[in-house]
Amino acid sequence: MLQRNDNPERQRTRARDVRASIRSGTWRQQTSGLTPGIVQGNVAIVPAAYAGDFEAFCNANDRPCPIIAKSKIGDPMLPALGADIDIRTDLPMYNVYRNGALENEVHDITSLWQDDLVTFVFGCSFSFEENLIAGGVPLHHIDAGVSCPVYLSSIDTTPVGPFFGKLVVSMRSFTPADAERADAITSRYPLLHGGPIHKGDPAAIGIADLNAPDWGDVVPVPEGEVPLFWACGVTPHVVLMNAKLPFCMTHKASHMLVTDLLTSQMAAA
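Basically my numbering = 1-based index in the sequence shown + 331.
None of these hints come from the bench; they were simulated from the model.
Note that CB positions come from ideal geometry on N, CA and C, so glycine has one too.
Hints may be right or wrong, so weigh each one.
Listed next, with one range per pair, are the computed distances between beta-carbon atoms [unchecked claim]: (1) Asp446 <-> Phe495: 25 to 31 angstroms; (2) Thr489 <-> Arg341: 38 to 44 angstroms; (3) Ala432 <-> Gly492: 17 to 23 angstroms; (4) Gly476 <-> Gly555: 37 to 43 angstroms.
Below, computed lysine to any residue pairings styled on SDA-like, alpha-carbon distance capped at 20 angstroms [claimed, not checked]: (5) Lys403 <-> Thr441; (6) Lys530 <-> Ile516; (7) Lys575 <-> Asp384; (8) Lys401 <-> Asp384; (9) Lys575 <-> Gln445; (10) Lys403 <-> Ala387; (11) Lys497 <-> Gly526; (12) Lys403 <-> Asp384; (13) Lys403 <-> Pro378; (14) Lys401 <-> Ala379; (15) Lys575 <-> Glu386; (16) Lys497 <-> Lys575; (17) Lys497 <-> Leu576; (18) Lys575 <-> Ala598; (19) Lys530 <-> Ser485; (20) Lys497 <-> Trp546; (21) Lys401 <-> Ala414; (22) Lys401 <-> Phe578; (23) Lys575 <-> Pro493; (24) Lys401 <-> Ala391; (25) Lys401 <-> Leu443; (26) Lys530 <-> Asp545; (27) Lys403 <-> Glu386; (28) Lys497 <-> Asp487.
Full structure from sequences and hints, please.
Structure (structure tokens):
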């Protein structure tokens with residue numbers, strides 16, 4: 332169960348300990364609920380030749396792709412997110428794509444690194460889950476120790492250059508009263524996907540079966556609860572595959588980059 336911890340230095344120490352465990356290969360699992368109070372990030376790594384169009388796509392679709400950091404060309408370090416962060420080693424699992432197809436899932440991309448690569452990091456909804464729990468809003472997937480379900484919707488993103496595709500969404504269900512609170516709480520964090528983009532009938536956004544997620548885990552919706560859907564940072568995976576880049580990499584869904592940033596720093600003024 333995710334537990335609240337209001338001491339910023341302890342939160343950052345925990346984040347660094349988690350990254351060290353990931354870097355050493357000790358932790359290779361999903362990261363939901365792992366670092367309360369700390370921002371986790373979705374990751375996309377693309378060749379510099381495509382980085383301009385990709386950044387423009389992200390800016391045109393900032394609900395699923397809210398950029399919180401971008402690396403220098405060829406530089407695997409992300410000092411704005413944490414002094415020791417090395418994107419080649421600090422994710423529990425990476426997806427490797429070639430020509431639009433998933434080629435492999437790996438724990439370390441040091442041997443795959445190239446001097447022309449640019450890393451983009453996007454805020455992740457895992458980061459605001461502690462705030463929901465602190466606000467008295469329970470999360471079924473956290474209680475079950477699994478990741479929230481994620482679906483490919485029928486909602487189009489705004490295309491830019493070679494980048495296009497459908498919006499990917501994450502789902503969490505609540506009682507009607509808690510749904511209103513969840514909306515209000517998460518809307519304060521636009522860099523962590525903000526509030527939900529859809530409430531209620533999943534068929535209205537092209538989801539036929541909530542018990543058949545495309546990513547994440549099955550989390551049943553109790554009778555009387557309302558499913559809420561948030562824009563999700565897995566959207567770039569779909570978009571990058573559609574673009575058929577010769578080579579690119581992402582985090583594996585639910586296996587996020589743990590940063591040193593505090594969720595409280597992401598709240599809108």
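message: Tell me if the straight-line CA distance from Lys575 to Gln445 falls inside 20 angstroms.
response: Between Lys575 and Gln445 the Cα gap is close to 18 angstroms, so the pair holds against 20 angstroms.
- prompt: Taking 20 angstroms as the top limit, are the C-alpha atoms of Lys403 and Asp384 close enough?
  reply: 16 angstroms, holds
query: Does the alpha-carbon distance linking Lys403 and Thr441 stay inside the 20 angstroms limit?
result: Holds. Lys403 to Thr441 sits at ~17 angstroms (cutoff 20 angstroms).
message: So if I understand the rule, the pair passes when the alpha-carbon distance is 20 angstroms or less; does Lys401 with Ala379 pass?
response: With Cα atoms ~12 angstroms apart, Lys401 and Ala379 stay inside 20 angstroms; holds.
query: Is Lys497 within 20 angstroms of Gly526, Cα to Cα?
result: 19 angstroms, holds
query: Can the restraint linking Lys401 and Ala414 be considered satisfied, given a maximum Cα separation of 20 angstroms?
result: 14 angstroms, holds
- prompt: Do the alpha carbons of Lys530 and Asp545 lie within 20 angstroms of each other, as the hint requires?
  reply: 19 angstroms, holds
query: Has the given pair, Lys530 with Ile516, been kept, meaning a C-alpha gap of at most 20 angstroms?
result: 15 angstroms, holds
- prompt: Within 20 angstroms, alpha carbon to alpha carbon, are Lys575 and Ala598?
  reply: Violated, at roughly 35 angstroms.
message: What's the verdict on Lys401 and Leu443, does the C-alpha distance respect the 20 angstroms limit or exceed it?
response: 19 angstroms, holds
query: Has the hinted range 37 to 43 angstroms been met by the Cβ atoms of Gly476 and Gly555?
result: With Cβ atoms ~23 angstroms apart, the hint is violated.
- prompt: Quick one, are Lys497 and Leu576 close enough, alpha carbons at most 20 angstroms?
  reply: Roughly 17 angstroms separates the two Cα atoms, so the pair holds.
Violated hints, listed in ascending order, are 4, 18; each of the other numbered hints is respected by the structure.
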